[in-house]
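Since the structure of chain A is provided, determine the placement of chain B on it from the hints.
Protein sequences, first through last, are from chains A and B. Under our numbering, the first residue of the first sequence carries the number 1, and numbering increases by one thereafter. Under our numbering, the first residue of the second sequence carries the number 1, and numbering increases by one thereafter.
No wet-lab data here; the hints were simulated from the structure. Every clue listed holds true.
Here chain B is said to cover these stretches of chain A; the calculated rule only asks that three of the stretch's residues, wherever they fall, bring their Cβ under 8 Å from a Cβ of chain B:
id, segment
1, 412–422
2, 641–653
3, 689–698
C-beta atoms are modelled at their ideal positions from N, C-alpha and C, and glycine is treated no differently.
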Amino acid sequence: MLAKRTGVPAPPDAVLGLTSRRAFLRASSLVGGGLLLHATLPVPARAALVAASAPAATVLNAFVQITPDGTVTIMSKNPEIGQGIKTMLPMLIAEELDVDWGQVRIEQAGLDQAKYGRQFAGGSMATPLNWEPLRRVGAAGRQMLIAAAASEWGVPESECGTRPGMVRHAPTGRGLSYGALAAKAASLPAPDLAAVKLKDPKDFRIIGQSMRGVDNPLIVTGKPLFGIDVTLPGMLYAVFQKCPVFGGKVVSANTDTIKSLPGVHDAFVVKGGNNLQGLVDGVAIVAHRWWVANKARGKLEITWEEGPTAGQSSTGYATAAAEFGKGAPAQSLRRDGDAKAALAGAAHVVEAAYAYPFLPHIPLEPQNCTAHVKDGKVEIWAPTQNPEPGARLVAATLGVAEDDVTVHMTRCGGGFGRRLRSDFMAEAASIAKTAGAPVKLLWTRQDDVQHDFYRPAGFHFFKGGLDGNGKLIAFSDHFVTFARGNRIADSAAMEPNEFPAGLVANLDYGMSLMPLGVPTGPLRAPRSNALGFVFQSFIDELADAAGKDPVAFRLALLGEPRILADPSGNPLRAFDTGRMRDVLKLVAEKSDWAKRTLPKGTGMGVAFYFSHLGYFAEVVQATVAPSGGVKVDKVWIAADVGSQIINPINAENQVQGAALDGIGAALGQAITIDRGRVTQANFDTVLPLRINQAAPVEVHFLITSHPPTGLGEPALPPAIPALCNAIFAATGKRVRKLPIDPGDLKWA
Amino acid sequence: MSYTIEVNNQKRTVDVDGDMPLLWVLRDELDLKGTKFGCGMGLCGACTVHLGGAPARSCLTPVSSVGDAAITTIEGIGDTPVGRRVQQAWLAVDVPQCGYCQAGQIMSAVALLLTTQRPTDADIDRAMAGNICRCCTYNRIRAAIKKAAGPDAIKAGAL
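One chain only, chain A, in its complex shape (with noise of 0.2 Å):
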C-alpha cells in the first residue's frame, strides 16, 4: 500500500507554516494523586483561512491524565462523523508521551474551545492542524514524567529515557512508572512546548501502526452512541414540519387538532428568522414518543406562504443557465495571455456545455438534536460537525449568553458536511424551550433530504484550442453559477487556480451569476467535488481531439515539477505539479494503464484532482451494457498526502469510501427543484451507493517529504471524472451532464 519517493525535502511545515511559536502548558494535580496536562498552542493565523465554517479560535489545546494505576485518559477534541478522529488524535499525543496504546482510554470532549481550541469536522484539516501540536502536547508530557523521575533518583534527566508508560534510568537500570511519577510530575514546571524534542519518525511505534476504530466494539454490539441515541428522564420526542418551498412562513395551522391527539403533549407554531441557516417558520409537535408525534404529522394542516423562491425551479436554471451561455461572462476570474485570439487562430476547437445538479448530504443517520432549558441555561446533545457556531446560534435564537449553552458531542451517524450547519440545534432548543421539558427532536429522512443544504448545481461553458501538433494553447471557462442576494452562493464558488490555469498560456475564467432562493452549503470536498468532474472530463476532451493517450496528455500540460501559486496568495491553494504528476505515473502503473486490452463496452478512464492539500490520481475501469447500464469493474487510486499515513487502516477505508461516494452520487444521487421545493424525499429517489454497485479501490499512498495532510475528501473529486471518461473509453460517448443517464449510453 506504501510507496516511496525520493524528492527534494521540503522544509518542515513549509506548506503550513504549523510550527507553534510560543506555547504554554500548564500541569496540576488530580483528586486522588495524578496528572493533568493542559496545553496552550497559539494556532498560527494561516489556519483561519482553512476553513470558511470553521469558529475563528486562536487557541488550541490538548489533554492528558494520567493515574496513580498508569491509566493514560486522552481527550479527543474533534468531532466524530467516520473519518476516525477519535481514534487518530490521541494516537498523535500516546506517541509522544510514550504508552501502550493498550494502556489508552479515550474520552469524547464537550465543546470548550478554551480548553481545547478549535474544535470542528470540516476541511480535512484535522490533521495538516494537529499533526505536530499534539505531538508536543504529549512529548511535552513525556518531558515532565522524566524530570520527575530525575528528581527522584537525584541523576541527570539527560541520563533518563522512558519506554512505554515507563521511566527508564539507564546508567542504574531503575525504572519508575508514569503512574507511580504522575502526582510529582504535576508539582513540575510544564516545558515550553516549542521546545519539547519530538521522535524520529524512524521510532514511531503508534503512528504508522493501523489501529482499529476506538469505538468500534461499541458499534458492533449496538450500544448507544450516536444523537439518536440519547435519553434523559423526562424527555419528550418531538417533530417539526417546515414549509417545503424554502423561506416559506407559516399563517395558520390546526394545532388544536393537534393537541386533542392521544399522545401528544403539545402542537404549537414556532416563528422563525429569514436567515434559512438559523430557526425557520414551521409547526411542532411534542409527544411522549417520536412515533406518535410523527404519526400526528399526518392530520396536519398548515397554510403557508410560500414566498419568493416558488417561482424557481431546475428547469428555470436551466434555461437561464443556456442563456448565459451564450454571452459573455458577467465577470472575469482570471485572463492571462489571449484566449480569444488563440482560439481563433488555433488548428482544432472543442467546444462543450457541461452541467451538474444539486446534492444532497444524506448522513444516514437523521438530523436529530436533544435539548433542555432550564434556568436560563441550554444544554444541547448534538451530532454535530461544528459545535461553536450551534451554540452561538442556539444562544442567538433563545435569547441567552453563549457562555449558558453547554454542547455535549454525539457521535455522528456521517457528516459530508451537513451537519457544519446547525438549523437542527436551534429547532431544538426552541422547541424545548416552548415544552418546558427535555426534548429529542428527530427528522424523518424526508426532512432531511427536503431541507438540506445542497451542493449547488452548476454549468460550465468551455472551449478548448489545440495547436498542430496537438498541444493545448487556449482555454476557457464560464461558470454560471448561483448568488444568494449579492454574494456568490455557498459553496458554488471557483477558484482563479483552478487547473489547467497557470499551464496553459491563453486562458480565460469568467463566471455569471443567477439569484438562488435554495439554500446550499459544503458537501463533502466543496467546489472540488464538481469542478473536478467538468475540468477532468473536459481535459479528456482535448486530449482525445489531440490524438493524445489521456495520461500522456496530462503528464504533458503538467510539464516540469514546480509550484503554481495560487493568485490570491493562498499557501493551501498552491499546486505542486510534481507531485500530481508522480501519483499520475503511479496510478498508470498499478492500473496497467495502456496495456490492457478490454473488450468493447468495456473502458478505463483517469482523472486527477488536487484538493484539501492532497494529490489524487484515479483510474476507474467500467463496464457499459448495450442498453446503457453501468458497471464500475475496479478502481485504482495513487494518493499523495505527505510524510505519514498516520493510521493505515483508516486511511485506505476513508479514500475508498470517499471514491465510491463520488461514484455513487454521479449514478443516482440529483435534487431537483420544482415550485421552490425539492422533488424528491427519500432513498427510492435520491439513490446511495449499495454494494452491489460497489467496486473494489484499490489504494496506493506515496510516501513523499511534505508535511501530512488530511483524507476525509480529497479522494472524491477525481473519482467521478474517472469514471466518466472510462464509459468514453467504453463508448465514445461523452458525459457531460450528472448524473449519468444510461438512456444516454445505449450502443451495439
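Using the frame of chain A, we list chain B on its own:
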C-alpha cells in the same frame, strides 16, 4: 394495547398502539438503541432485525404483526455463534466509518451466513444490497463477511 414479544430470548410487554413499528418499540419502549432509524420506508436496512430467524425491516413491521416470532437485535446477536463470528470479523477488518448502518449490516450478514455458509460475491450482493452504507465501507463489508465465513471463502473471493 398490550403486546408481549420475545426479544433476545426475553419476554417483554409493551403498551402501545398496534401500528407502532417494531423499530420504535425496540428503541423507545425497550431502550434497545442499537437498531437504527434511517429512512422509515424499508429502503436503507439500518433497522434490520431477525424476526423468526429471518432478516426483517423493523421500521415497516407493526408490533401487532410480530406475534410469537422470536426477535433478535444487534444487542442479542453476539450470543449466537455466527453472530459473534461476524462481530469479530467486523472488528478485525475495521469495517465501520461512522458506524451508523453497521448494526443493520451485521444483522443482514448473519442472516446470509445462516443460510449460505460459503457465500459468493453474488450471494453477498443479493443479501446485502438492501443495506445502505453512506460511508461506502462496502469493500470491507464484503471482506468481513468472507472472513466470518472462514478461510475457504476468503480464498475464493477477490480480496
